[in-house]
Structure formats: structure tokens, C-alpha cells
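J.: The chain contents come next:
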Amino acid sequence: MTRVIEVPATFDDRSFEQFAAGFGHWPPEERVLLDARGAQWASPYGLLAMLTAGQALAEARQERPLFTVPTSDDVKRYWARAGFFKFAAELFELHGKVPRSAASGPSDVLLDVTPVRATEDVHEVVEKISQGASRILHGELGLEMKATLRFSMALSEACQNIVEHAGTSGWVAVQAYTFRRRLGRRVVVIAVSDAGIGFRRSLESAHAKRFGERWGDGAALEAALIQGVSRFRDPGRGQGLAFIKRFLDQWKGKISIRSGTARLALVPPWDEDVPLSEHLPFFPGAQVQIIIPAQDPEAG
Amino acid sequence: MIQTIHIGRLLRETVASPYRNLVTRPTGAAIRGRIQEALAQSDCALALLDFSGIELLDLSCADEVVAKLLLADAERGGRCVVLRGLREDQHEAIEHVLTHHHLAIAVVAPGTDDEGPWLLGWVTADARAAFACICRRGALTADALAAALEWSGARVEEALGALALHRLVRTDGDLYLPLSLA
Numbered sequence: 008m009t010r011v012i013e014v015p016a017t018f019d020d021r022s023f024e025q026f027a028a029g030f031g032h033w034p035p036e037e038r039v040l041l042d043a044r045g046a047q048w049a050s051p052y053g054l055l056a057m058l059t060a061g062q063a064l065a066e067a068r069q070e071r072p073l074f075t076v077p078t079s080d081d082v083k084r085y086w087a088r089a090g091f092f093k094f095a096a097e098l099f100e101l102h103g104k105v106p107r108s109a110a111s112g113p114s115d116v117l118l119d120v121t122p123v124r125a126t127e128d129v130h131e132v133v134e135k136i137s138q139g140a141s142r143i144l145h146g147e148l149g150l151e152m153k154a155t156l157r158f159s160m161a162l163s164e165a166c167q168n169i170v171e172h173a174g175t176s177g178w179v180a181v182q183a184y185t186f187r188r189r190l191g192r193r194v195v196v197i198a199v200s201d202a203g204i205g206f207r208r209s210l211e212s213a214h215a216k217r218f219g220e221r222w223g224d225g226a227a228l229e230a231a232l233i234q235g236v237s238r239f240r241d242p243g244r245g246q247g248l249a250f251i252k253r254f255l256d257q258w259k260g261k262i263s264i265r266s267g268t269a270r271l272a273l274v275p276p277w278d279e280d281v282p283l284s285e286h287l288p289f290f291p292g293a294q295v296q297i298i299i300p301a302q303d304p305e306a307g
Numbered sequence: 053m054i055q056t057i058h059i060g061r062l063l064r065e066t067v068a069s070p071y072r073n074l075v076t077r078p079t080g081a082a083i084r085g086r087i088q089e090a091l092a093q094s095d096c097a098l099a100l101l102d103f104s105g106i107e108l109l110d111l112s113c114a115d116e117v118v119a120k121l122l123l124a125d126a127e128r129g130g131r132c133v134v135l136r137g138l139r140e141d142q143h144e145a146i147e148h149v150l151t152h153h154h155l156a157i158a159v160v161a162p163g164t165d166d167e168g169p170w171l172l173g174w175v176t177a178d179a180r181a182a183f184a185c186i187c188r189r190g191a192l193t194a195d196a197l198a199a200a201l202e203w204s205g206a207r208v209e210e211a212l213g214a215l216a217l218h219r220l221v222r223t224d225g226d227l228y229l230p231l232s233l234a
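Each protein sequence line maps, in turn, to chains G and D. Going from the first sequence to the working numbering is simple: count from 1 and add 7. Going from the second sequence to the working numbering is simple: count from 1 and add 52.
By construction, these hints were calculated from the structure, which means they are not laboratory data. The reader is advised that the hints may include incorrect statements.
20 Å max Cα-Cα, derived EDC-like pairs, lysine to aspartate or glutamate [claimed, not checked]:
#, chain 1, residue 1, chain 2, residue 2
1, G, K83, G, E13
2, G, K252, G, E279
3, G, K153, G, E134
4, G, K93, G, E66
5, G, K153, D, E140
6, G, K104, G, E13
7, G, K153, G, D303
8, G, K259, G, E147
9, G, K153, D, D178
10, G, K153, G, D280
11, G, K83, G, D19
12, G, K93, G, D115
13, G, K259, D, D141
14, G, K135, G, E147
15, G, K252, D, D95
16, G, K135, D, E147
17, G, K252, D, D141
18, G, K153, G, E171
19, G, K252, D, D226
20, G, K153, D, E147
21, G, K153, D, D141
22, G, K216, G, D256
Some residues of chain D that are not near chain G, with every Cβ distance over 12 Å (derived) [to be verified]:
#, residue
23, P78
24, C96
25, S104
26, D141
27, R180
28, G213
29, D224
Here the structure is a predicted model, which means the values were calculated and not measured. Positions of the beta carbon are idealized from the N, C-alpha and C atoms, including for glycine.
The whole structure should be built from the sequences, with the hints applied where relevant.
T.: In C-alpha cells, the structure reads:
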């Protein structure tokens with residue numbers, strides 16, 4: 008038996024729930040097939056979600072999942088350029104023709120799909136991003152020059168969460184594109200995803216007692232993002248997300264974290280997302296998305 | 053005597069790569085260890101940490117390198133520590149972590165040592181004013197500072213107590229001395 012999970016035609020943080028629901032009980036008993044033939048577009052969040060699913064299935068010692076590549080040549084080229092197929096080939100049995108190499112030249116892909124396995128990878132990510140971040144953030148989004156370094160700091164802190172909390176490796180990708188329907192402006196999106204233990208299990212031993220019966224994926228996300236707690240006793244911990252929140256507030260940006268069966272978002276005025284969603288379909292690990300919009304020239 | 057420690061050099065030696073970005077906790081902890089080793093081998097009264105070779109300083113490293121160095125007061129042998137060569141975003145990161153820990157540190161810009169340091173972190177307005185007055189006028193007794201600022205004795209004592217606690221001024225008998233970098 009094979010469980011076919013259709014990759015949403017437009018795969019972003021919103022359609023992610025449809026994707027997660029496709030797995031049913033985790034891990035699914037049947038062999039999984041991710042069917043991306045009808046895919047038209049995927050955000051970095053969507054690309055990482057597929058890789059995370061593949062990684063989690065491998066770590067759950069499930070049969071190697073299948074993956075049918077998009078029919079659209081444009082979509083395939085774009086996913087290849089983002090580095091998706093390079094890692095998908097390690098996790099899935101790919102079916103369909105994949106472009107051999109990534110396209111070259113200027114791109115909206117600020118950071119290819121990049122694995123985060125250890126501290127050294129965070130150094131590499133920060134080095135890589137510094138080359139293109141200024142062009143996009145200052146040149147295209149109209150953010151002040153110093154925003155480039157804050158952006159890199161946010162990226163560094165988000166990636167370190169994988170190394171320190173997930174208990175396994177993860178992925179990061181950064182891309183610029185236009186949010187036509189929601190905002191009508193350019194945005195830069197950071198997506199970070201891992202297949203690890205998730206926020207609830209990471210924080211459980213140190214903080215569950217305090218929450219009593221309320222403890223769960225949603226409460227764990229609140230504890231981390233709103234209250235800035237950490238599983239470490241070190242009083243210096245937990246500052247990374249607080250710093251990211253401060254910058255996002257200044258830039259009218261958005262952060263959302265999904266872990267287990269819950270999702271928590273700090274929602275800026277331009278978005279209509281729900282702050283806290285609970286009882287969602289289970290998905291392994293944690294998925295973080297940070298959106299920084301082009302600054303509104305009339306606002307200020 | 054002043055001991056200058058170049059953080060950029062320590063970073064290159066520690067991670068054995070050409071990176072100029074001071075990121076991640078393990079890297080920060082390794083750099084702090086190197087700073088503590090250097091201080092243990094020195095009899096200087098003041099350590100100047102020079103960040104001018106550093107591009108990015110993330111929050112984790114700011115916490116590991118600066119905040120934890122100050123928290124481990126005994127391991128720096130009671131020395132005063134001053135930072136130099138910080139960029140604006142690095143100020144922000146250090147200010148954030150020091151405020152979180154209720155700590156403070158003195159900072160100077162490169163090439164402007166004679167202008168005197170200023171403070172980053174968790175410091176009351178009175179302590180900042182007292183610090184600036186001592187930097188401007190040189191060594192002062194508590195009475196002289198009270199006269200200069202037109203404050204009560206108790207107010208001056210409280211401000212000086214906070215500065216001395218964080219080793220933001222040196223003391224010599226009744227005198228409070230600025231962190232001289234000359």
C-alpha cells in the first residue's frame with residue numbers, strides 16, 4: 008500500500024496544513040508518495056516541509072518515500088535553482104526528469120536550501136547570506152543598511168535553535184518574492200525547519216509543570232516565543248527569539264512557528280493570520296517562518 | 053597597565069577559518085575561554101577587548117563573550133574590561149544581553165580613546181551621570197562628585213556603589229578613578 012500525499016499547487020505556510028493532514032497518523036504505516044506533479048509554486052517554507060517530511064520518515068526507519076517531480080519545467084528549474092532536488096534525491100526515490108544543475112545568474116534565492124547539522128553550518132549560512140542580503144534588503148525592500156546585519160543575526164539565531172534544541176539536523180532557505188494577494192509588496196522570507204523533537208518535548212522537563220493541564224504544543228510555543236523561556240537553566244538563554252521579535256516589530260515583519268500540532272504567529276497589521284492554532288494535524292519537528300516586507304514609502 | 057585583546061585574531065585562531073562573523077554559542081564560549089586564558093597570564097588592571105575585526109556579532113556570542121565574561125568576575129581577576137571598535141548593530145546586541153543580565157560595560161570608539169568611554173547595558177541614569185563626570189574631571193572623592201553634580205551624599209553613594217560593583221570605575225582609597233586608556 009502506498010499513501011499518496013498531494014503537494015499543494017501553491018505550497019506555502021497556509022497550504023502546509025493540507026500537506027500535513029495527508030500523513031494521517033505519524034509515522035504513516037504505508038509507503039509515502041509525495042505527488043508534486045501539479046505543483047505550480049512553493050515558498051521556501053513549502054520546499055523545506057517536503058524535505059523535513061522525507062527526513063522524518065527516514066529517521067522513523069520507514070520505507071524510502073517516493074516523489075514525483077513537478078510537470079512544469081519552470082517549476083522544476085526554480086526548485087533546482089533553490090537547491091531542492093539536490094537534497095530531495097538523498098531522501099526520496101525521485102520519479103520524473105530533474106534539471107541537472109541549478110541555473111546561474113541573478114536570482115531571488117538569497118540562500119539555497121541548506122542543511123543545518125552543526126555549529127559550522129550556521130557559520131556557513133551567515134557567510135553566504137551576507138553576500139546577497141544587502142542587495143535585497145536595502146536595495147529592493149528599502150530597509151536601512153544596518154537591517155542587513157540584524158537580518159543575519161536573526162537568521163543565525165533561528166538556525167542555532169536547530170542545533171541546540173531539535174536533537175537532529177534541519178534546513179534553512181531564504182528567498183525574496185512578491186506577496187501579491189496578502190500585501191502587494193516584495194518580501195524576504197526565511198524558512199527554517201527540522202524533523203526533531205519539537206518545542207513541547209524540548210521544554211517539557213523544565214516548564215511543563217508550571218503550565219499544568221494546559222501544557223501542550225501550543226503552550227510550549229507560547230512559552231518560547233512570548234515568554235522567552237529555554238530548556239537550559241543558563242539565564243542567558245531564550246534571548247534570540249526576543250531579539251528577532253523586536254526587529255520584526257520595527258519592520259512590521261511576521262514570525263510564525265509551527266511545532267507538533269500547534270502554530271503560533273505574531274501577526275503584523277497587514278496580515279490576517281490567526282495568532283494561535285491548536286489541534287492541527289501532527290507534523291514532526293518545528294517549522295519557523297520569518298517574513299520581512301518592503302517598507303511602505305508612504306508610512307514614514 | 054592595559055592589555056589589548058583582538059577578538060578578530062582570536063576568532064581566526066579559534067575557528068581556523070577566515071570568518072569575520074562572531075556567531076553561535078560554542079564559538080562564543082571558545083572565544084571567552086581564550087580571553088580568560090589571556091587575562092590569567094597577565095597582571096594588567098584593565099583589559100581592552102578590540103572588536104574592530106568583527107563583522108557580525110550575534111546575540112548568542114554577545115552573551116557568551118561579553119555577558120558571561122562579566123558574570124565570571126573572579127575569573128577575570130577583578131579586572132576592569134572595556135570594549136573598543138564596536139559597530140552600531142554590535143552595540144545593540146551587547147546592550148540587549150547586558151540589560152537582560154543587569155550588567156554594564158564601558159565602551160570606547162577606535163581612535164577616540166582620549167574622548168573617554170561611555171556605558172552600555174543596565175545602568176541607572178544617576179550612575180551614567182556619575183560615570184561621565186568622573187571621566188570628564190578625573191579622580192574624585194564622593195564629596196567632590198556630590199558637589200560637582202549638586203547631589204546629596206546618599207545619591208552619590210548609590211551611583212558610585214553601582215559603578216564600583218560593575219567595575220566601571222577604579223578605586224584608590226577615597227578616590228574614584230576613571231578607566232584611563234591613555
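J.: Each hint: holds or not?
T.: Evaluation of the provided hints:
no. : hint            : in the structure
1   : K83/G x E13/G   : 16 Å, holds
2   : K252/G x E279/G : 18 Å, holds
3   : K153/G x E134/G : 16 Å, holds
4   : K93/G x E66/G   : 19 Å, holds
5   : K153/G x E140/D : 8 Å, holds
6   : K104/G x E13/G  : 18 Å, holds
7   : K153/G x D303/G : 18 Å, holds
8   : K259/G x E147/G : 16 Å, holds
9   : K153/G x D178/D : 30 Å, violated
10  : K153/G x D280/G : 29 Å, violated
11  : K83/G x D19/G   : 17 Å, holds
12  : K93/G x D115/G  : 18 Å, holds
13  : K259/G x D141/D : 19 Å, holds
14  : K135/G x E147/G : 19 Å, holds
15  : K252/G x D95/D  : 42 Å, violated
16  : K135/G x E147/D : 26 Å, violated
17  : K252/G x D141/D : 16 Å, holds
18  : K153/G x E171/G : 27 Å, violated
19  : K252/G x D226/D : 46 Å, violated
20  : K153/G x E147/D : 16 Å, holds
21  : K153/G x D141/D : 7 Å, holds
22  : K216/G x D256/G : 31 Å, violated
23  : P78             : 5 Å, violated
24  : C96             : 26 Å, holds
25  : S104            : 15 Å, holds
26  : D141            : 4 Å, violated
27  : R180            : 22 Å, holds
28  : G213            : 23 Å, holds
29  : D224            : 33 Å, holds
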